Amino acid sequence: MRLPSLMALQAFHAAADSGSFKQAAERLFVTQAAISQHIRALEAQAGQPLFTRQHRKVTLTPAGEQLYHYTSTAFSALVSGWQAIQPEQQSRTITLSVLPSFASLWLVKRLGRFSEQHPDIEILLQPSLALVDFSQSQVDLCIRFGSGQYPGLRSHFLMPDRLYPVCHPGFLETHPVASPEDLPCCTLLEETLPDMRWNRWFSALGLTPRIKTAALRYEGSNYVVDAALAGQGIALVRHTLVKDLVGMGALRRPFEATVQAEYNYYLVAPDHQFRRPAIQVFCEWLCGEAQAFYADEPDQDVGQWPPLMTVPD
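According to my numbering, the sequence shown holds residues 2 to 314 in order.
Where hints are given, some of them may not hold.
[As the list claims (entries may be wrong)] DEER-style ranges, computed between Cβ atoms: (1) L194 <-> V109: 20 to 26 Å; (2) L309 <-> E27: 16 to 22 Å; (3) L206 <-> Q38: 51 to 57 Å; (4) E285 <-> E182: 41 to 47 Å; (5) L132 <-> D227: 20 to 26 Å; (6) G232 <-> M8: 50 to 56 Å; (7) E220 <-> R114: 29 to 35 Å; (8) D245 <-> W306: 47 to 53 Å; (9) S81 <-> L217: 42 to 48 Å; (10) E174 <-> E27: 45 to 51 Å; (11) T209 <-> S81: 50 to 56 Å; (12) R114 <-> T259: 25 to 31 Å.
Hints were generated in silico from the structure; no laboratory data involved. Nothing here was measured: the structure is a model prediction, and the numbers come from that model. Cβ coordinates follow ideal geometry from the N, Cα and C atoms, glycine included.
All chains should be modelled from the sequences, with the hints used to inform the complete structure.
What follows is the structure, encoded as structure tokens:
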């Protein structure tokens with residue numbers, strides 16, 4: 002039996018991961034026409050379609066789903082095998098993909114402690130909003146804010162989050178705000194993500210206020226925080242990103258109303274990455290930092306958080 006070419010299988014796997022021939026081409030640094038050609042050749046060799054073509058996206062057929070399961074396993078094994086033969090120094094380097102806002106407002110200020118405790122482990126930080134294709138990138142581990150469901154990958158709970166309003170202390174001097182009902186008269190700052198919108202936050206509190214001033218929207222939590230620090234309005238933010246700023250007085254909470262976030266932070270990677278000693282050390286340290294961050298908050302029993310999982314060989 003003649004096996005398909007490795008490049009054709011890479012093209013299939015990238016297209017299956019992204020749901021797009023265009024994005025697959027961008028990942029592999031080839032043209033979209035080349036991806037289409039590889040997929041057509043695979044389908045001809047398989048004797049059946051692997052994708053259902055739709056407007057601007059593709060979805061896997063049952064045969065495609067089956068093949069995707071095997072390519073995921075195979076490429077993960079290749080990455081694991083390649084890492085196994087790398088020099089020891091490379092195995093002590095962790096390339097970490099993390100959301101830019103979480104990196105700048107929470108993680109970076111804590112990484113110095115890790116370096117002091119583990120000077121032999123190097124962390125390469127890659128702030129990015131994009132989901133990682135581990136089979137096509139140099140990333141070893143991700144920190145993601147989501148549901149924890151990432152097909153083909155293992156995820157471990159890192160910490161929860163909650164949402165509440167904050168603003169510059171000077172903003173309250175000219176805009177007296179004492180309750181959520183006072184907010185509609187103010188300039189409101191929010192992210193473009195649906196779960197970070199003011200209307201959803203109000204609904205979670207059982208309120209339906211008529212917002213009189215259009216909200217200013219930003220693509221990225223760090224921009225929302227920057228706008229609040231500049232006194233531009235009242236921002237809806239995640240607790241993890243602003244707790245330190247509130248503690249030092251740079252931002253203020255106008256009232257105590259808060260809503261639990263729909264998602265949590267997770268450590269995400271293929272199984273084989275969690276078996277690496279350096280990553281195990283880093284994950285244990287990071288979970289300890291997350292628990293310390295919430296240790297003084299009465300609504301969080303960090304002792305009940307899921308323990309760091311062990312991945313069988």
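Each hint, compared with the structure:
1. The hinted range of 20 to 26 Å is satisfied by L194 and V109, whose Cβ atoms lie roughly 22 Å apart.
2. About 34 Å separates the C-beta atoms of L309 and E27, a value inconsistent with the hinted range of 16 to 22 Å.
3. Roughly 54 Å separates the CB atoms of L206 and Q38, a value that falls within the hinted 51 to 57 Å.
4. For E285 paired with E182, a C-beta distance near 45 Å keeps the hint of 41 to 47 Å intact.
5. Separated by about 25 Å at the C-beta atoms, L132 and D227 satisfy the suggested range of 20 to 26 Å.
6. Here the CB-CB span from G232 to M8 is close to 54 Å, well matched to the stated 50 to 56 Å.
7. At roughly 31 Å, the beta carbons of E220 and R114 sit within the given window of 29 to 35 Å.
8. The hinted range of 47 to 53 Å is not satisfied by D245 and W306, whose Cβ atoms lie roughly 21 Å apart.
9. In this structure the supplied range 42 to 48 Å holds for S81 paired with L217, their Cβ-Cβ distance being about 46 Å.
10. Separated by about 49 Å at the C-beta atoms, E174 and E27 satisfy the suggested range of 45 to 51 Å.
11. Checked against the given bound of 50 to 56 Å, the beta carbons of T209 and S81, roughly 52 Å apart, stay inside it.
12. Roughly 28 Å separates the CB atoms of R114 and T259, a value that falls within the hinted 25 to 31 Å.
Violated hints for the displayed structure, listed by number in ascending order: 2 and 8.
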